[in-house]
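Novice: Given next are the chains, with one letter for each unit.
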Amino acid sequence: MLLRTPIDKKVLKDLKAGEQIHITGTIYTARDSAHKLLTQLIKEGRKLPFELKGSIIYYAGPAPTKPGEVVGSIGPTTSYRMDPYTPDILNEGAAILIGKGSRSDFVKASLLQNNAIYCAALGGAGALLASKVKNISVVAFAELGPEAIYKLEVEEFPVIVVNDLEGNDIYENH
Amino acid sequence: MKKIKFEDLVKVIRDSVIEINCVPSPELISKYNQSIENEDNILSKQVLLSLKENALIAKERMIPICQDTGTAVFFIEYGTEINIDGGFIYDAIYEGVRLGYQEGYLRKSIVDNPLNRKNTGNNLPPIIHTKLIEGENLNIVVLAKGAGSENMSSLKMMTPSDGIEGIKNFVLETVVKAGPNPCPPITVGVGVGSNFEGVALLAKKALVKDLFETVEDDLIMEIEADLKMKLNELNIGPQGFGGKTSVFDVAVMMEPCHIASMPVAVNINCHVIRHKKIIF
Ligand code: SF4
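Residue numbers (my numbering), protein chains in the order written: chain A, 1 to 174; chain B, 1 to 280.
Everything labelled a hint here was simulated from the structure, so no lab data went into it. Take these hints with a grain of salt, some might be off.
As the list claims (entries may be wrong) - Subject to a maximum C-alpha distance of 25 Å in a straight line, what follows is the list of computed SDA-like cross-link-like pairs (lysine to any residue):
id: 1; chain 1: A; residue 1: Lys43; chain 2: A; residue 2: Gln113
id: 2; chain 1: A; residue 1: Lys132; chain 2: B; residue 2: Glu103
id: 3; chain 1: B; residue 1: Lys45; chain 2: A; residue 2: Gly18
id: 4; chain 1: B; residue 1: Lys45; chain 2: A; residue 2: Glu172
id: 5; chain 1: A; residue 1: Lys66; chain 2: B; residue 2: Leu99
id: 6; chain 1: A; residue 1: Lys134; chain 2: B; residue 2: Lys108
id: 7; chain 1: A; residue 1: Lys132; chain 2: B; residue 2: Lys45
id: 8; chain 1: B; residue 1: Lys230; chain 2: A; residue 2: His174
id: 9; chain 1: A; residue 1: Lys9; chain 2: A; residue 2: Asn115
id: 10; chain 1: B; residue 1: Lys118; chain 2: A; residue 2: Leu41
id: 11; chain 1: A; residue 1: Lys134; chain 2: B; residue 2: Ser50
id: 12; chain 1: A; residue 1: Lys132; chain 2: B; residue 2: Met62
id: 13; chain 1: A; residue 1: Lys132; chain 2: B; residue 2: Ile29
id: 14; chain 1: A; residue 1: Lys36; chain 2: A; residue 2: Asp105
id: 15; chain 1: B; residue 1: Lys145; chain 2: B; residue 2: Gly193
Said to hold, decoys possible - Restraint-style ranges between C-beta atoms, simulated for each label pair:
id: 16; chain 1: B; residue 1: Leu124; chain 2: A; residue 2: Asn91; range: 33 to 41 Å
id: 17; chain 1: B; residue 1: Leu234; chain 2: A; residue 2: His22; range: 25 to 33 Å
id: 18; chain 1: B; residue 1: Met157; chain 2: A; residue 2: Glu156; range: 44 to 52 Å
What the hints assert, rightly or not - Stretch-level coverage of chain A by chain B, calculated; a stretch enters the list once three of its residues show a Cβ under 8 Å from a Cβ in chain B:
id: 19; stretch: 66 to 72
id: 20; stretch: 97 to 109
Positions of the beta carbon are idealized from the N, C-alpha and C atoms, including for glycine.
Whole structure, please, built from the sequences with the hints as guidance.
Specialist: Next comes the structure, spelled out in structure tokens:
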């Protein structure tokens, strides 16, 4: 199954936990510090550096780009560290979250409430995933280095659905 | 006295941190191959094939196998008859790490302070453990240790009555709790004995046990084999999607301890095994 961004949440209901999907289009990276800053902006009612509605957020911090390459290795980081911030992000309309590892129950509940799904990219496959990235640019918090928010243009970026809209979790039932 | 040139040491450290991060060892590739063979779950097989493909892409392009190029950890055995010509050994290690992470386009993942969390920008400082040995040898084991798996590690001050079953249960508990988070298939390093700080070090050393000369003990081998079997029956599988390969290896190391204690530490490493031994 190939998904193109921006995501219309209606397409998500057909996706099942354990299914492999490919994404083509724009995704945004955000990890620990970026989440902290983003949720601060949300709470203060300020303008966000990118449109969260229908967006795909990827928990990742790339390695530096080698000359001649588009991007350095860019695999997922462990997701549970983003749990405290995730309901705020989902309430703003993010459609797909990508990371690795399991989420807390309150995050799973928030995913269901918001008709959003959580997917896993392969942990420790940063070189392979980098080959799916066609362009990268910094969107916000450049001073954070690998923790900045990057906009990635990806082609057939492979992920596996972990939490689907029926409440299934591939880590728990496989 | 054996002389080792400061610059030679810097260069070897620089090259080694780049190599372990970008070039998968033949052992890692054969671990992928064996587990691909062994899995019958389609998704798990496919995951393992992708992990292998990833390692080969990294090698071909000389980019990191994983973007978390880790904390650089060193175990140094320093011969009393060694003389570093032109500087201090720790300065050589620092400089080698700095250059390697810079020139190898490796990610800088160290913050100066756990609360302020400002990136040091050069992956310094490394973590260095030094042991003095007699003679003219300088042995350096270097590891790039990712945080995803490090965060899933655990230590428990158990008591003598907990026995072997207690140790095994604690290892199982730790791995179950880690689930998909540390990028399985994992390697599990188990330290038993010593004291509070010693046992953590022992567990880390167990992750690179093959690089140390250890006397193989039947009891330890029995515990390792049993744990490996039990952990692979947990059906965590590659990346946590289920399957037969939850762990690549379990390595146990023991040391003497106090009559009242039985410290146990479990250090977890992800599928991206990155270490090597340098011998001067
Ligand atoms: S746990 Fe290992 S493989 Fe996974 S992201 Fe961290 S360093 Fe990479």
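Novice: Look at each hint and say if it fits the structure.
Specialist: Cross-check of the supplied hints:
1. Lys43(A) <-> Gln113(A): Holds - the C-alpha atoms of glutamine 113(A) and lysine 43(A) are around 20 Å apart, at most 25 Å.
2. Lys132(A) <-> Glu103(B): holds, 24 Å
3. Lys45(B) <-> Gly18(A): Since the Cα atoms of lysine 45(B) and glycine 18(A) sit roughly 13 Å apart, the hinted pair holds (cutoff 25 Å).
4. Lys45(B) <-> Glu172(A): holds, 19 Å
5. Lys66(A) <-> Leu99(B): Holds, at roughly 15 Å.
6. Lys134(A) <-> Lys108(B): Since the Cα atoms of lysine 134(A) and lysine 108(B) sit roughly 23 Å apart, the hinted pair holds (cutoff 25 Å).
7. Lys132(A) <-> Lys45(B): holds, 21 Å
8. Lys230(B) <-> His174(A): With a Cα-Cα distance of about 18 Å, the restraint between lysine 230(B) and histidine 174(A) holds, given a limit of 25 Å.
9. Lys9(A) <-> Asn115(A): Judged against 25 Å, a Cα distance of about 7 Å means the pair holds.
10. Lys118(B) <-> Leu41(A): holds, 21 Å
11. Lys134(A) <-> Ser50(B): holds, 19 Å
12. Lys132(A) <-> Met62(B): holds, 17 Å
13. Lys132(A) <-> Ile29(B): The hint holds at about 22 Å.
14. Lys36(A) <-> Asp105(A): Roughly 20 Å between the alpha carbons, so the hint for lysine 36(A) and aspartate 105(A) holds.
15. Lys145(B) <-> Gly193(B): holds, 23 Å
16. Leu124(B) <-> Asn91(A): 33 to 41 Å: holds, 40 Å
17. Leu234(B) <-> His22(A): 25 to 33 Å: Holds: the Cβ-Cβ distance is about 30 Å, inside 25 to 33 Å.
18. Met157(B) <-> Glu156(A): 44 to 52 Å: Because 50 Å falls inside the window, the suggested range holds.
19. 66 to 72: n = 3 at 8 Å, threshold three: holds.
20. 97 to 109: holds (count 3)
Hint compliance for this structure: no hint is broken.
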